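S.K.: Same order as they appear, the protein sequences are chains A and B.
To get our numbering, take the position in the first sequence, counting from 1, and add 32.
To get our numbering, take the position in the second sequence, counting from 1, and add 10.
Source of the hints: derived by calculation from the structure; they are not laboratory data.
A portion of the hints provided could be inaccurate.
Stretches of chain B that chain A covers, calculated by requiring three or more beta carbons in the stretch to come under 8 Å of a beta carbon on chain A [said to hold, decoys possible]: (1) 51-60; (2) 67-81.
As a list, the in silico BS3-like pairs of lysine-lysine whose alpha-carbon atoms are at most 25 Å apart [said to hold, decoys possible]: (3) A:Lys-162 - A:Lys-147; (4) A:Lys-192 - B:Lys-74; (5) A:Lys-302 - A:Lys-314; (6) A:Lys-162 - A:Lys-206; (7) A:Lys-325 - A:Lys-302; (8) B:Lys-77 - A:Lys-242; (9) A:Lys-205 - B:Lys-77; (10) A:Lys-52 - A:Lys-122; (11) B:Lys-53 - A:Lys-192; (12) A:Lys-294 - A:Lys-52; (13) A:Lys-242 - B:Lys-53; (14) B:Lys-77 - A:Lys-162; (15) A:Lys-192 - B:Lys-76; (16) A:Lys-200 - A:Lys-147; (17) A:Lys-192 - A:Lys-122; (18) A:Lys-122 - A:Lys-147; (19) A:Lys-192 - A:Lys-152; (20) A:Lys-162 - A:Lys-122; (21) A:Lys-162 - A:Lys-294; (22) A:Lys-205 - A:Lys-192; (23) A:Lys-205 - A:Lys-162; (24) A:Lys-314 - A:Lys-152; (25) A:Lys-242 - B:Lys-74.
Note that the structure is predicted; figures quoted are calculated from it, not measured.
Even for Gly, the Cβ is constructed at its ideal location relative to N, Cα and C.
Single-letter residue listing:
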Amino acid sequence: MTDSQMYYYQSSELSHDQEKEIARAFMGRIEWEMIVIAFTQFFVWCLVWYLVITSTIPLWLGFFISLISTSFAYLPSHAGQHGHLSGNHKNLEWVNSFVGQISLIPLARSHELLKVLHMKHHAHTNDPEKDPDYFHTHVDSWFEAALRVHNQGSDERIEKMVNDYCDKDPEFKKSIDRGSMVQLFIVLTQMVTAFFFPLETLFLWWLPLKIITSYLGLVFSREPHNGLEIGRHSDTRFWRNGLPRFLNHSMQIHIMHHMYPKICHHDEPKAIEALRPFMIAKNMPGADDIPEKISFNPLT
Amino acid sequence: MNEKSSKTEDKISIIEQWFIVLFAFVFFGSVFNAATIYFFEPKNELFFTVASYLAGFLFGLLAKYKKWGWIV
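Looking at chain A on its own, in the form it has when it is part of the complex:
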């Protein structure tokens, strides 16, 4: 960036109030795209089960279809966690939990459990004492991140973190208790299903959810946050990998989500175009590389 550009970006026109005003224009709508994705991927997943059990398609084909459909399972829940599925409509808030939980069944996770932990991740991003995602994000290799993301339930450091939150915040504890019951129910269902359809459960449910959880740990956590410090304008980076944005669920622009979590995922490209000067002025990690126009290109 040249000195004159720097002067422009640091001018009073780029005030924090103006940044908030621009961001607010992208908030508040119902993200219907995520509701469509949630039900479509869940329908495809159920259909694959039916087609495999009736021997209409082979198990290996079902595995690959399930792998792809399961990769779409998390984002609708994530949108629900931030209230994007109800937008500004208070009477529709139940949609966030309902759709979020349906969407997470292929990932065998509780929406409420993920929600309370994700809110702590947003509040304390990159803090080793308080960010539940810290231990699979701040690791040296992709391999380590892909493995550690599976140990969140058994990592003593995370257990201690959660216990501390429970001691301080009764509402957090209630959510953890409720979420754990849902989680237990889903895992028990998985066990019963495995008893009757063992290989199908392994290849259509367990393996896809393990592979996709690793993928989520890498693309949603490690790449945007690894090695960065604490702070709203410094905890997430804009990154590129040469792949079309669609294949990464647009996590290259996760920086926008951490800056304004209330902006819907599908509105982030337009929001990042509008807020790019502010991001550059604040020297946010990778902001200099953000293109003026965001399309479905690899952002290279």
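Following the hints, put chain B in place on chain A, whose structure we already have.
M.R.: Relative to chain A, chain B alone:
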């Protein structure tokens, strides 16, 4: 009251720790059993079924000991 709730929490904790063994016993026992039948088509199915569920149980014990939360 506090002592009671602490005892209840201890019991829940023990159940949680052993749940991984139960999961491995049922889930992986069933998977090992199905895989054995698929690959070897054994004549004595009962023996292989017992062996498969035993393998699942031992895998669960190992997972509990090693704290392999990833198996669930």
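S.K.: Each hint needs a verdict: does it hold in this structure or not?
M.R.: Hints, one by one, checked against the model:
no.: 1; hint: 51-60; result: violated (count 0)
no.: 2; hint: 67-81; result: holds (count 4)
no.: 3; hint: A:Lys-162 - A:Lys-147; result: holds (15 Å)
no.: 4; hint: A:Lys-192 - B:Lys-74; result: holds (19 Å)
no.: 5; hint: A:Lys-302 - A:Lys-314; result: holds (19 Å)
no.: 6; hint: A:Lys-162 - A:Lys-206; result: holds (19 Å)
no.: 7; hint: A:Lys-325 - A:Lys-302; result: holds (8 Å)
no.: 8; hint: B:Lys-77 - A:Lys-242; result: holds (17 Å)
no.: 9; hint: A:Lys-205 - B:Lys-77; result: holds (23 Å)
no.: 10; hint: A:Lys-52 - A:Lys-122; result: holds (22 Å)
no.: 11; hint: B:Lys-53 - A:Lys-192; result: violated (51 Å)
no.: 12; hint: A:Lys-294 - A:Lys-52; result: holds (12 Å)
no.: 13; hint: A:Lys-242 - B:Lys-53; result: violated (34 Å)
no.: 14; hint: B:Lys-77 - A:Lys-162; result: holds (22 Å)
no.: 15; hint: A:Lys-192 - B:Lys-76; result: holds (18 Å)
no.: 16; hint: A:Lys-200 - A:Lys-147; result: holds (18 Å)
no.: 17; hint: A:Lys-192 - A:Lys-122; result: violated (34 Å)
no.: 18; hint: A:Lys-122 - A:Lys-147; result: holds (18 Å)
no.: 19; hint: A:Lys-192 - A:Lys-152; result: holds (14 Å)
no.: 20; hint: A:Lys-162 - A:Lys-122; result: violated (30 Å)
no.: 21; hint: A:Lys-162 - A:Lys-294; result: holds (22 Å)
no.: 22; hint: A:Lys-205 - A:Lys-192; result: holds (13 Å)
no.: 23; hint: A:Lys-205 - A:Lys-162; result: holds (15 Å)
no.: 24; hint: A:Lys-314 - A:Lys-152; result: holds (24 Å)
no.: 25; hint: A:Lys-242 - B:Lys-74; result: holds (19 Å)
Checked against the numbered hints above, the structure breaks hints 1, 11, 13, 17, 20 and satisfies the rest.
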